[in-house]
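Between the sequences and the hints, there should be enough to build the whole structure, so can you do that?
Protein chains: 4
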Amino acid sequence: MTLLSDLLQSIGDRMRSKPTAQASLQPAADRLASGCAELMRKGGEASRIAVAEQALAAYAELDDEGKARFFRMLLEDFSADPAAVRSAYAEWETARTEAALEDLFKAVEPKRQSLLRMLNHPTGGTLQLVRMRQDLLRLMRGAPELAPLDSDFSHLLSSWFNRGFLVMRRIDWNSPAAILEKIVAYEAVHEIKDWNDLRRRLEPSDRRCYGFFHPATGDEPLIFVEVALCKGIPGTIGPLLTGSSDAGGEAADTAVFYSISNCQPGLKGVSFGNFLIKQVVRNLSQELPQIRTFVTLSPAPGFAPWLAGQEDAGAQELAAELAAEGWRQDAELREALAPEVQTWAARYFVHGKTGAGLPADPVARFHLGNGASAHRTNWPADLAEGALQRAHGLMINYLYELDQIEARHEAFASEGTVACGPAVRRALRSGKGPGA
Amino acid sequence: MTLLSDLLQSIGDRMRSKPTAQASLQPAADRLASGCAELMRKGGEASRIAVAEQALAAYAELDDEGKARFFRMLLEDFSADPAAVRSAYAEWETARTEAALEDLFKAVEPKRQSLLRMLNHPTGGTLQLVRMRQDLLRLMRGAPELAPLDSDFSHLLSSWFNRGFLVMRRIDWNSPAAILEKIVAYEAVHEIKDWNDLRRRLEPSDRRCYGFFHPATGDEPLIFVEVALCKGIPGTIGPLLTGSSDAGGEAADTAVFYSISNCQPGLKGVSFGNFLIKQVVRNLSQELPQIRTFVTLSPAPGFAPWLAGQEDAGAQELAAELAAEGWRQDAELREALAPEVQTWAARYFVHGKTGAGLPADPVARFHLGNGASAHRTNWPADLAEGALQRAHGLMINYLYELDQIEARHEAFASEGTVACGPAVRRALRSGKGPGA
Amino acid sequence: MTLLSDLLQSIGDRMRSKPTAQASLQPAADRLASGCAELMRKGGEASRIAVAEQALAAYAELDDEGKARFFRMLLEDFSADPAAVRSAYAEWETARTEAALEDLFKAVEPKRQSLLRMLNHPTGGTLQLVRMRQDLLRLMRGAPELAPLDSDFSHLLSSWFNRGFLVMRRIDWNSPAAILEKIVAYEAVHEIKDWNDLRRRLEPSDRRCYGFFHPATGDEPLIFVEVALCKGIPGTIGPLLTGSSDAGGEAADTAVFYSISNCQPGLKGVSFGNFLIKQVVRNLSQELPQIRTFVTLSPAPGFAPWLAGQEDAGAQELAAELAAEGWRQDAELREALAPEVQTWAARYFVHGKTGAGLPADPVARFHLGNGASAHRTNWPADLAEGALQRAHGLMINYLYELDQIEARHEAFASEGTVACGPAVRRALRSGKGPGA
Amino acid sequence: MTLLSDLLQSIGDRMRSKPTAQASLQPAADRLASGCAELMRKGGEASRIAVAEQALAAYAELDDEGKARFFRMLLEDFSADPAAVRSAYAEWETARTEAALEDLFKAVEPKRQSLLRMLNHPTGGTLQLVRMRQDLLRLMRGAPELAPLDSDFSHLLSSWFNRGFLVMRRIDWNSPAAILEKIVAYEAVHEIKDWNDLRRRLEPSDRRCYGFFHPATGDEPLIFVEVALCKGIPGTIGPLLTGSSDAGGEAADTAVFYSISNCQPGLKGVSFGNFLIKQVVRNLSQELPQIRTFVTLSPAPGFAPWLAGQEDAGAQELAAELAAEGWRQDAELREALAPEVQTWAARYFVHGKTGAGLPADPVARFHLGNGASAHRTNWPADLAEGALQRAHGLMINYLYELDQIEARHEAFASEGTVACGPAVRRALRSGKGPGA
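Residue numbers (full-length UniProt numbering), protein chains in the order written: chain A, 1 to 436; chain B, 1 to 436; chain C, 1 to 436; chain D, 1 to 436.
These are calculated hints, taken from the structure and not from any lab test.
Just to be clear, a hint being listed does not mean it is correct.
Any copy, or any two copies together, can satisfy a pair, since identical chains are not distinguished.
Unchecked claim - Below, a list of computed lysine-lysine pairs in the BS3-like style, where the Cα atoms sit at most 27 angstroms apart:
#	residue 1	residue 2
1	Lys193	Lys182
2	Lys67	Lys182
3	Lys268	Lys111
4	Lys268	Lys42
5	Lys42	Lys353
6	Lys182	Lys106
7	Lys231	Lys353
8	Lys231	Lys42
9	Lys67	Lys193
10	Lys182	Lys268
11	Lys182	Lys42
In structure tokens, the structure reads:
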């Protein structure tokens with residue numbers, strides 16, 4: 001018996017003993033609906049936490065259809081009161097005061113926001129709401145009309161997961177297994193094969209791992225980054241993952257962020273990565289003053305399709321050659337291909353754009369948006385099957401230079417300028433043809 | 001040098017070294033204003049935490065006039081965009097969809113809310129915002145036009161200090177001195193004279209003290225309650241404060257909440273007391289199953305003025321007698337007066353109302369609103385000077401009965417019904433005259 | 001660079017910079033010997049911790065031959081001073097006072113005890129001494145003349161690992177991975193295959209694991225016990241290990257100690273198991289009052305050789321039958337054999353003795369010595385290869401009954417009486433022949 | 001009801017329910033004696049912890065007479081067996097082996113050591129044994145025949161409070177009040193007046209306080225040192241105690257140990273101070289690299305009587321002048337007296353010896369023995385009444401120079417050489433007369 005159910009029994013049940021007994025016979029959807037109604041009722045304050053607990057428990061019993069129905073109910077039955085909105089608006093138009101604006105703000109706020117705040121009261125409620133939004137995002141794919149509801153979740157979660165409430169914790173071999181197994185599960189970039197692989201990645205001599213946690217979600221990581229301490233900037237991922245890179249330890253002068261994983265799909269759009277990288281840079285600068293260079297070794301997941309989509313004949317030819325796999329075993333061929341790969345890689349990162357004018361590469365959007373530069377492309381750098389398919393084995397180092405971060409961020413944000421390292425610039429210049 | 005300034009030096013300054021150097025020569029008000037502008041600027045994300053830190057530091061340098069000017073600036077320059085509100089409203093009136101409502105909600109939300117969320121990013125920001133609202137509440141007394149701004153603070157702080165984020169901690173002699181000195185400072189009901197007095201109130205044999213804390217404000221208590229474990233329901237405060245009450249310890253069957261203090265004026269209206277009492281009841285029920293009765297021994301701060309304001313001749317006479325102080329030394333006189341005091345006390349709690357129909361007594365509003373009953377009035381119960389002036393020494397026990405809390409709360413909330421204990425009912429009946 | 005070496009460099013080296021530089025060129029054996037001499041020298045107090053650290057580091061570099069030589073040096077060069085012993089003895093014989101006895105005690109105490117106490121000063125020294133004794137025990141097998149030295153180690157370690165200094169900690173999935181991997185490594189009874197297997201054994205619903213730790217050896221477990229919460233007393237180990245036992249959780253009324261592992265060979269003879277089991281019984285009694293029965297499911301590692309060694313023809317036959325393995329696939333045969341196995345098993349536990357008159361079974365010696373009873377033998381109970389070879393698959397439940405522990409312990413200690421459960425008594429009676 | 005008694009009730013009592021009930025009617029002395037007998041009895045292992053608990057509880061009820069009788073019993077009834085000693089000695093004389101020595105060692109060890117080790121088993125036992133020795137040391141003053149017993153206590157406590165088991169903790173305003181009140185109580189050099197005074201001494205900007213703790217005695221400090229961070233070496237204690245010294249904080253280059261207090265009289269002779277000072281030097285060197293000088297500001301408690309005891313006429317005159325108190329208000333007089341005070345102070349520290357040839361000043365013995373130098377005498381430095389009476393207001397700085405500590409310690413230990421600072425050397429030379 002959990003503490004929760006224990007408390008419910010000793011207290012909640014005494015309060016509402018009969019209704020509870022009946023309730024459990026009701027379908028979960030009905031219990032959830034009546035719980036929500038109860039929470040919004042004036043006068044129900046005394047047992048709100050217990051009611052919220054039961055509502056969350058009922059939600060957890062629902063299948064996707066039930067969840068979708070619940071989300072629709074939130075949209076339709078817990079909206080704002082149109083008459084109140086209209087009247088507050090009229091008042092504001094007349095008075096044009098800040099007081100009138102505040103009244104309008106209150107009238108316009110959908111009631112479901114207040115409901116979600118009450119569902120957050122019980123212990124564990126926050127994580128359940130994060131998971132609820134994860135359900136919503138999934139179900140929205142087939143039901144776009146639910147999108148406005150996501151706006152409410154997003155609004156609340158952004159406020160609750162404000163940077164000021166996040167706690168950065170180092171994750172190492174002394175961390176609870178309960179956290180470590182989540183690291184294994186959530187690692188999204190370079191799969192962790194087993195506990196030995198994990199231990200290698202937490203080796204204190206030349207590795208670091210940091211994550212953000214929120215007090216209300218306890219040991220559940222929100223995002224984490226894996227760092228290798230190296231001598232110089234590495235150009236291939238293999239030695240980092242196998243731990244066979246010989247430099248490191250005391251000789252290390254470079255911190256390499258080689259894997260960043262978001263753990264909670266339900267917190268999509270609540271951005272942590274930017275804060276995390278900068279906090280890690282701060283901490284490492286303090287702990288290890290000999291570390292002077294902060295750089296990533298990042299995948300380039302859009303390179304292969306982008307290259308294949310270029311009209312240039314040289315690009316077409318290169319794409320075919322790279323897809324043909326012969327180069328994997330043929331060192332000479334690799335050497336022959338390398339200059340052209342570097343050129344097209346440079347073009348990809350600097351000129352490849354989405355329709356909206358942003359970098360075509362999603363990882364590039366993140367790091368360039370944080371104020372990093374596209375420092376050096378590396379090929380071949382990752383021979384894992386996925387990396388070969390998505391990027392022909394290409395990787396890139398993004399460089400975080402503290403005294404450049406802001407200027408680069410601004411140039412990128414305002415004019416889309418991609419800061420480049422010398423090697424990337426050289427590759428750009430060296431290329432002939434339309435892509436240059 | 002604090003860690004914060006250290007980090008700023010090692011990192012932030014490298015980023016913005018020249019502007020910072022100039023900035024510190026500017027008046028704080030200018031630095032604050034330009035910091036706020038910087039935070040709202042698109043593209044300034046890269047150094048937002050450092051900018052927010054500097055803005056908060058600049059705020060802390062302001063005097064009241066400067067603060068008032070800053071608050072006015074928040075009202076005027078960080079409002080919503082009227083054109084955007086109007087256009088979103090028109091859209092909503094046409095479409096009447098939830099999507100349009102969400103757009104309207106975003107248009108109506110004052111920009112200062114977003115600004116305050118960014119000021120919350122730095123470590124320690126949350127507490128500084130709580131203190132900022134404390135300033136606002138103080139300055140609002142002379143500047144009621146600032147009230148709409150308080151609505152924004154209230155909205156954000158209510159969301160951030162959601163019950164789900166609060167942590168209850170027991171406070172005892174093993175707590176850090178840094179917390180204990182705050183308990184001494186914040187005790188608002190029965191002053192703690194010195195550390196010996198405090199130790200007595202934390203004696204593990206028959207005392208408990210619990211507080212709510214928020215992860216982002218660390219060791220700063222939000223509210224705390226002092227509890228004495230007694231045999232039976234006590235009728236006078238003296239022995240509880242001096243620790244001379246002999247029962248307690250293993251024989252105790254009653255937990256007496258004899259002091260509840262809110263610690264943060266800046267969190268006014270964000271209610272914790274209700275949750276705290278119920279959580280303490282739960283914890284004590286588990287820890288000490290022999291404790292069956294949960295009761296307060298509470299002041300009656302409005303009794304003296306209320307009694308003096310009654311038109312009834314008997315009340316006038318009693319008020320005069322009680323004000324005359326003779327009874328303080330005269331046991332016989334006390335005995336003679338007691339029945340009438342009890343009668344008028346019962347009338348006060350049951351029938352004394354504010355213009356809005358709520359109980360005249362502010363403490364009664366809190367406990368009756370929580371679902372407690374007015375169990376027993378006690379006279380004379382507190383001979384401290386303040387208690388004599390405000391209540392002629394009267395105190396009252398509010399009783400928390402778990403299986404009655406919800407029904408009583410609802411009857412009180414919907415119809416203003418005051419649940420009474422048998423002694424109070426008897427006193428009501430025994431009284432003659434118009435008050436009966 | 002570790003903190004230790006860091007401190008040595010920043011401080012110790014400043015003290016003894018030149019000697020240190022030379023020292024590291026010396027062979028480890030020489031450095032160790034001169035370190036020991038330095039520690040015993042009058043006047044060397046100022047840098048003893050650093051010297052002890054270096055001596056321990058030098059020891060760690062030695063191979064077995066070097067270690068054996070070091071142990072011999074401890075025996076020969078760090079003994080007591082015979083002249084001082086003689087003179088103190090003469091004094092005592094004359095005076096016959098307690099003061100004279102204390103002087104004699106000091107004269108007789110080998111100097112190596114004082115040396116070992118000084119080697120314990122540095123951080124981590126305790127664990128290194130435990131490991132040193134582990135080496136000694138190993139090397140003693142080929143060098144019995146070292147035995148007196150073990151007496152000194154044993155004397156000191158028994159004092160340092162006094163029950164009063166041990167801390168019991170629950171081990172679960174929230175424990176650091178650094179502890180958990182040691183649990184996997186040290187499990188000596190039923191091998192833990194992988195982290196999934198481990199997680200199953202730590203499942204909070206129906207499993208517990210507790211270990212003793214010592215503050216000076218940190219996260220290094222000394223001994224740990226694995227417990228399953230069951231409905232009734234289990235007779236086979238399989239379901240406990242695979243986690244397929246269905247009862248457990250709330251219905252559980254029995255705690256089964258199914259694996260106890262000593263982790264530190266260097267602490268041989270410093271007994272913890274007795275204390276650990278009793279402490280676990282206390283804790284579980286408090287945490288889960290519905291658990292009423294405390295029992296083991298233990299191996300019988302000496303059964304097979306004992307049975308094979310019985311002269312009785314029935315025993316010989318049974319031993320042959322059990323060794324033939326046919327019964328493993330033949331349920332009928334098992335049923336036919338069972339009564340006789342039970343009879344001989346009962347005889348084994350009750351009458352099987354070593355030359356010294358103790359139970360032949362080493363696990364029986366431990367539990368019967370703790371005051372448990374031989375409650376029920378189970379066959380076949382463990383089909384793992386080792387258990388088949390050593391015990392033909394036999395296991396036994398030892399029962400810990402709090403109100404019987406002391407009487408049983410005493411009867412066992414003074415007269416060798418083995419307390420039996422009803423099933424064992426029945427099996428004893430049912431048997432015919434010489435063993436009965 | 002404590003956890004302990006709770007456990008006893010729930011478990012121990014079940015084991016020994018009737019004897020316990022009777023036992024509590026027996027006088028404490030009898031219960032203690034029979035508890036000790038029970039602990040030593042072969043076969044009593046099963047309930048030893050509970051028996052030890054009861055014995056300790058019985059001891060705590062005894063008055064001094066009862067305690068003295070108990071100590072005598074330990075001496076007489078728990079000694080070694082003379083026959084066994086004799087036989088083991090004879091064996092050793094014959095065999096002259098280490099094995100025989102070990103047997104002799106075991107025979108000679110008084111049985112009370114084994115008894116005390118068993119009394120250490122229960123939780124809290126260690127502290128109770130420390131307090132028991134404190135009683136013993138007190139009672140020994142009137143009963144010197146108990147001294148051999150102290151040798152056993154000293155032997156065991158030295159082993160248990162080995163440096164390797166001590167934990168250094170920083171004490172500050174975040175420490176539990178339960179620790180801080182002990183700091184107030186145990187401060188033996190410069191009394192802490194109240195909590196405000198304490199807070200001043202823990203101010204993080206320019207103060208530090210560190211203590212040694214032992215895991216088995218929990219929050220009970222063993223020894224602590226108070227440190228002020230200053231600019232330069234201070235010559236008067238006043239500003240350090242009132243906190244009015246202006247330098248400190250970031251400008252500080254000197255750590256001043258101005259108060260060291262042993263907290264446990266029962267650990268007399270188990271030396272911690274040496275280790276503590278050196279550990280603090282290490283920690284501060286790491287935390288605050290700008291701190292280069294480590295120095296004390298120490299009392300000179302034997303100066304006044306020593307000066308009064310000098311036969312030299314100048315000394316006699318000076319002693320009279322200093323005792324006359326006129327100089328306290330007369331700056332000119334002070335200036336006139338100062339050179340002579342400095343001269344005699346230098347002689348006191350350098351030449352003043354006990355009969356055993358050690359420094360006459362007990363504080364000097366400690367610091368010079370640790371390898372510090374007598375750096376500078378200061379007069380007048382402490383105008384507190386006690387300091388005036390014992391030392392005419394004189395204080396001294398002992399200087400800890402890491403690269404000199406060992407050489408100084410050795411010169412002091414082997415030849416009694418007192419290392420001096422230049423000012424002390426100058427004062428020695430400047431003096432005329434026999435003391436020079």
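Evaluated hints:
no., hint, result
1, Lys193 x Lys182, "both (13 angstroms within a copy, 20 angstroms between copies)"
2, Lys67 x Lys182, "within (26 angstroms within a copy, 44 angstroms between copies)"
3, Lys268 x Lys111, "both (23 angstroms within a copy, 23 angstroms between copies)"
4, Lys268 x Lys42, "between (33 angstroms within a copy, 21 angstroms between copies)"
5, Lys42 x Lys353, "between (53 angstroms within a copy, 21 angstroms between copies)"
6, Lys182 x Lys106, "neither (40 angstroms within a copy, 36 angstroms between copies)"
7, Lys231 x Lys353, "neither (33 angstroms within a copy, 61 angstroms between copies)"
8, Lys231 x Lys42, "neither (64 angstroms within a copy, 37 angstroms between copies)"
9, Lys67 x Lys193, "neither (34 angstroms within a copy, 40 angstroms between copies)"
10, Lys182 x Lys268, "within (18 angstroms within a copy, 38 angstroms between copies)"
11, Lys182 x Lys42, "neither (41 angstroms within a copy, 35 angstroms between copies)"
The structure is inconsistent with the numbered hints 6, 7, 8, 9, 11, although it conforms to all the rest.
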